[in-house]
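Peer 1: Residue-level listing of the chains:
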Amino acid sequence: MMQWGLILLTVCCSSSGDILCARGMSKGGELSDFGPSGIVRAIRYIITRRLVILGGLCYATTFFSLLTLLSIAPLSIAVPATALGFVVDTIGARFLLRERVPWKRWAGVLCVTAGVILTVKTGPATNLPNGKPALPASRAATVSSVSGLHLGHAAKTRH
Amino acid sequence: MFVCSKRDVTIVSRPNSRVSRTILFISIAVIANSFGNLMLALGMDRMPAFQHVPLAHYLLGLLTNPFLIPGAAMSAVYTLAQISLFSWADLSFVVPCTASSYALTTMLGEFVLGERVQWARWLGVLLITCGVALVAETPVATRPHPRENPA
Numbered sequence: 001m002m003q004w005g006l007i008l009l010t011v012c013c014s015s016s017g018d019i020l021c022a023r024g025m026s027k028g029g030e031l032s033d034f035g036p037s038g039i040v041r042a043i044r045y046i047i048t049r050r051l052v053i054l055g056g057l058c059y060a061t062t063f064f065s066l067l068t069l070l071s072i073a074p075l076s077i078a079v080p081a082t083a084l085g086f087v088v089d090t091i092g093a094r095f096l097l098r099e100r101v102p103w104k105r106w107a108g109v110l111c112v113t114a115g116v117i118l119t120v121k122t123g124p125a126t127n128l129p130n131g132k133p134a135l136p137a138s139r140a141a142t143v144s145s146v147s148g149l150h151l152g153h154a155a156k157t158r159h
Numbered sequence: 001m002f003v004c005s006k007r008d009v010t011i012v013s014r015p016n017s018r019v020s021r022t023i024l025f026i027s028i029a030v031i032a033n034s035f036g037n038l039m040l041a042l043g044m045d046r047m048p049a050f051q052h053v054p055l056a057h058y059l060l061g062l063l064t065n066p067f068l069i070p071g072a073a074m075s076a077v078y079t080l081a082q083i084s085l086f087s088w089a090d091l092s093f094v095v096p097c098t099a100s101s102y103a104l105t106t107m108l109g110e111f112v113l114g115e116r117v118q119w120a121r122w123l124g125v126l127l128i129t130c131g132v133a134l135v136a137e138t139p140v141a142t143r144p145h146p147r148e149n150p151a
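Chains A and B are the protein sequences, given in the same order. If you're matching positions, the first sequence starts at 1 in my numbering and goes up one per residue. If you're matching positions, the second sequence starts at 1 in my numbering and goes up one per residue.
Same shape as in the complex, but just chain A (with noise of 0.2 angstroms):
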């Protein structure tokens, strides 16, 4: 039931991070130099903006979160529900942010959803060629590039 309420935490706010993000980032300008004092700008704008703050709390919450449900849950179960975020994102994006999602989009997020999943999900893990018994970086680092933060000692210890 834990492991549940934390792939839901997880989900939610990682995508309540993406769409306050979006939304703050979209209710300003539109980012158009990237020169080396429009980079110093840019930076500047996005951590001053109220909402990508509140975002940035989000992901951070999601951080934590994974890192729980981590503990309590299998990789291959974790990981791949969290990858519901894609389409949550979107029904965000359709519904909360007013984005028009053609089928194309809808159809393109399941193909990508379902691609994460078999991904993360399949294929134990191998052995390097010096012999060394390890974590599939390709693994690890889906792992990361969920949380934003790398796992493979905590994932070692369950495969």
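None of these hints come from the bench; they were simulated from the model. The reader is advised that the hints may include incorrect statements.
Stated by the list, open to error - Quick look at which bits of chain A chain B covers, simulated, 3 or more residues with Cβ under 8 angstroms: (1) 1 to 13; (2) 20 to 33; (3) 76 to 90; (4) 101 to 110.
Said to hold, decoys possible - Straight-line Cα separation of at most 20 angstroms, EDC-like style, residue types lysine to aspartate or glutamate; simulated pairs: (5) A:LYS121 <-> B:GLU110; (6) A:LYS121 <-> A:GLU30; (7) A:LYS104 <-> B:GLU137.
As the list claims (entries may be wrong) - Derived, one-sided and incomplete: chain B residues facing chain A with beta-carbon distance under 10 angstroms: (8) ILE23; (9) SER27; (10) HIS57; (11) THR64; (12) LEU85; (13) PHE86; (14) PRO96; (15) TYR102; (16) VAL117; (17) ALA120; (18) CYS130; (19) PRO139; (20) ARG143.
We put the CB at the ideal spot given by N, CA and C, even for glycine.
Put chain B on the given structure of chain A with help from the hints.
Peer 2: Just chain B now, kept in the frame of chain A:
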């Protein structure tokens, strides 16, 4: 910027500059995310297990690890690139497109680290690629975004 109707979908036009900027920033985000994660994976592989060493030694190990600082810097580049994209592109366009990093990371695992990647994972990569191709066929932005530069 002008708006035109296509069936029931109102589509904001895609000036060439915006499309090319979107391609550039998605490429930066995907490459920075994949290589950043690869460096973090390599760096953490060289770290001792957290519970076996004192905290100060562990933190020193993190700071002196040759892969972790560049890996973290690349992750920061990824985050900034993605947030910048939100200022002109749809969330529902950006998020699936930047998921290409999953496919690139799997390829890095196979070709750089020499991992054996199973066929089912290649099928996943193929699905992600098809999904991104489908999303890329749609307009970058479907609602008006302010054009002026805020900076």
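Peer 1: Starting from the hint list further up, note which numbers the structure goes against and sort them upward.
Peer 2: 1, 6, 8, 9, 10, 11
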